[in-house]
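Peer 1: Protein sequence lines, in the order shown, are assigned to chains F and Y. Counting with my numbering, you get residues 1 to 156 for the letters of the first sequence. Counting with my numbering, you get residues 1 to 62 for the letters of the second sequence.
Be aware that a few hints might be false.
[Said to hold, decoys possible] Pairs of lysine-lysine residues, derived as DSS-like cross-links and limited to a Cα-Cα distance of at most 25 Å, are as follows:
(1) Lys37/F to Lys17/F
(2) Lys56/Y to Lys37/F
(3) Lys17/F to Lys56/Y
(4) Lys9/F to Lys7/Y
Honestly, the hints are just simulated from the structure, not real lab data.
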Amino acid sequence: MANTQAICKTFRVDLLKGLHAFGTSVVRAVTTVDTFKMALYLETATINSTTTAYTATGELAATGNYTAGGVAVTNATEPANTGGTGIVAFWTPSGSVTWTNLTSSGSFDCALLYNDTSASDRAVGAFTFGAQSVTAGNFSLTMPTNNLTTGLLRIA
Amino acid sequence: MKVWTTKGEIDRDELVVTDEITEEDNARVFATSWHHNGELVRRDVNVNILRGLELKGEQQDV
Numbered sequence: 001m002a003n004t005q006a007i008c009k010t011f012r013v014d015l016l017k018g019l020h021a022f023g024t025s026v027v028r029a030v031t032t033v034d035t036f037k038m039a040l041y042l043e044t045a046t047i048n049s050t051t052t053a054y055t056a057t058g059e060l061a062a063t064g065n066y067t068a069g070g071v072a073v074t075n076a077t078e079p080a081n082t083g084g085t086g087i088v089a090f091w092t093p094s095g096s097v098t099w100t101n102l103t104s105s106g107s108f109d110c111a112l113l114y115n116d117t118s119a120s121d122r123a124v125g126a127f128t129f130g131a132q133s134v135t136a137g138n139f140s141l142t143m144p145t146n147n148l149t150t151g152l153l154r155i156a
Numbered sequence: 001m002k003v004w005t006t007k008g009e010i011d012r013d014e015l016v017v018t019d020e021i022t023e024e025d026n027a028r029v030f031a032t033s034w035h036h037n038g039e040l041v042r043r044d045v046n047v048n049i050l051r052g053l054e055l056k057g058e059q060q061d062v
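Bound-form chain Y, shown alone:
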């Protein structure tokens, strides 16, 4: 299988792949780094937004 990189397509077997998962306040981030001969040639990131934004106001008596 070929993988697209900064150096064009490279055989998957020639790449070292590292996955990293980090937690932010409101997101979980999955990053995959692809190295070729020690050089970063591709990095993918997926951000899972865990919770959106809320506009909130309390109802009060007049």
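Excised from the complex, chain F in its bound form:
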């Protein structure tokens, strides 16, 4: 046998599950899973990798059956690292994210995934899909296949 320098495979999954607390103080107080939400943003907004938290700036107006802050994502899937060499950890919501009878206040092209349990609504990721508008209809985001190559969040 020989020793090999490496990030342990389970560490990535553990990060997604909040099992480590680096830093000089413990910031997590809850022992339950967090609630994550998706909010929709106008194509004129600026949501990107520098976004640190949910913001109402640039979000669809709270009209036409849209509620500020967006909707909760269904979280019934454990983060995993199955398949391949087991290095990639991944997680995907267990259902589509849907708005019904929606009339968007403008053209929108982005959904922000953020942690609604976090006191500061910390941002997770921005997903773009080309400018869309919805009139008295339904808007849904269908999630990708939950695996190491397409999962919604992956740590490689």
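Starting from the known structure of chain F, arrange chain Y on it as the hints suggest.
Peer 2: Same frame as chain F, now just chain Y:
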């Protein structure tokens, strides 16, 4: 069959339906537009996210 629109419920037979599929970098978008007498009265959109986001870093020797 009735369809909910900006004008309330309208018989399906009175509506002209147009489906559109577009490809974005990381999503496939299915949009359905419903017109009544030439006026857009409903539009539904489904976005299939094809691939999520990856946080990636290479392991390097110390």
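Peer 1: Check each numbered hint against the structure and report the violated ones by number, ascending.
Peer 2: Hint 4 contradicted; others consistent.
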